[in-house]
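The listed protein sequences derive, respectively, from chains X and B.
FYI, in the working numbering the residues of the first sequence are 1 to 144.
FYI, in the working numbering the residues of the second sequence are 1 to 117.
What the hints contain is simulated information worked out from the structure, not anything from laboratory work.
Bear in mind the structure is a predicted one, so any value in this text is a computation, not a measurement.
A few of these clues could be false.
[Unchecked claim] Here's a subset of chain X near chain B, in silico, CB distances under 7 Å, partners left out:
#, residue
1, S26
2, L31
3, V49
4, F52
5, A61
6, Y70
7, L74
8, V88
9, S89
10, F95
11, S134
12, G143
[What the hints assert, rightly or not] Cβ-Cβ distance ranges computed for the label pairs, FRET-style:
#, chain 1, residue 1, chain 2, residue 2, range
13, X, R65, B, P56, 18 to 26 Å
14, X, L142, B, H89, 48 to 56 Å
15, X, A107, B, V93, 27 to 35 Å
16, B, V93, X, V84, 35 to 43 Å
For every residue, glycine included, the Cβ atom is placed at its ideal position computed from N, Cα and C.
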Amino acid sequence: MPRRVPHDDRPAYTEFLPRWYRPRMSTYWWLKRRAYLTFILRELSSVFVAWFVVFLLMLVAAVSRGEESYRQFLSWSGSPVVVVLNLVSLFFVVFHAVTWFNLAPQAMPVRLRGKRIPGSWVTASNYAAWAVASALVAWLLLGG
Amino acid sequence: MPRRPIEPLLWLLFSAGGMVVALLIPALVFLCGLAFPLGWLPAPSHAHLLALLGHPVTRIALFLLCVLALLHWAHRFRYTLYDGLQIKHLNEVINSFCYGGAIVGSVLAGYLLWQVP
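Make the full structure from the sequences, and use the hints.
Encoded structure:
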């Protein structure tokens, strides 16, 4: 005769714990839907972020080694492979930025005097900050 | 996966990194990666870049950018491998590779920015 298990929200451990049903998922599950593919592409943008850190540090190293090595770095960064890599990186980092800013109202609901500020305001202020930051970078690099 | 008290901190660093990356890296990739090498815009002179890097504020800002961007990569790439390829049995290896790589990269960034003349 089976032992009665009380119906509680925290059921006691029994030795009849059923084996979980876990269907095997395909490794390529993210190709099945557009939304899944977008998710994986957004996650992959991080790889290009890491590449750009490497590229930036190579630029810093070249500049500190002197004028000649800076010139070599410039001609190396103009070679087709590096240009294509940076073009793909630009696509991915812009994709990251756009998805990040569009998600901002969900990630940080801002309240003012107890009322929630409309999400579009949060997004708009993020885009404004992006414009200011990009202008600052351009101003610093192009010589002020 | 066991509960680790460090997880919230990693998420915080991931978010901070994501914000900094979104604000600064698109412009930097466009200028340093495409516009200057391809001659769309005149590349800054060596003296100008040296003066820019010579300022401590630039170096600290670039160091923080590198560290946060690498930690952002580590966290996101770890979950890309975890969810995308479902290689859950290699969890320890993936974690060491991602966060270890971010730490090594940060130390290297610190060294390279420190030794700018």
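So, going through the hints one by one against the coordinates:
no., hint, in the structure
1, S26, "9 Å, violated"
2, L31, "10 Å, violated"
3, V49, "5 Å, holds"
4, F52, "6 Å, holds"
5, A61, "5 Å, holds"
6, Y70, "5 Å, holds"
7, L74, "6 Å, holds"
8, V88, "10 Å, violated"
9, S89, "5 Å, holds"
10, F95, "10 Å, violated"
11, S134, "4 Å, holds"
12, G143, "6 Å, holds"
13, X/R65 to B/P56: 18 to 26 Å, "20 Å, holds"
14, X/L142 to B/H89: 48 to 56 Å, "50 Å, holds"
15, X/A107 to B/V93: 27 to 35 Å, "30 Å, holds"
16, B/V93 to X/V84: 35 to 43 Å, "30 Å, violated"
Consistency note: the structure conflicts with the earlier hints numbered 1, 2, 8, 10, 16.
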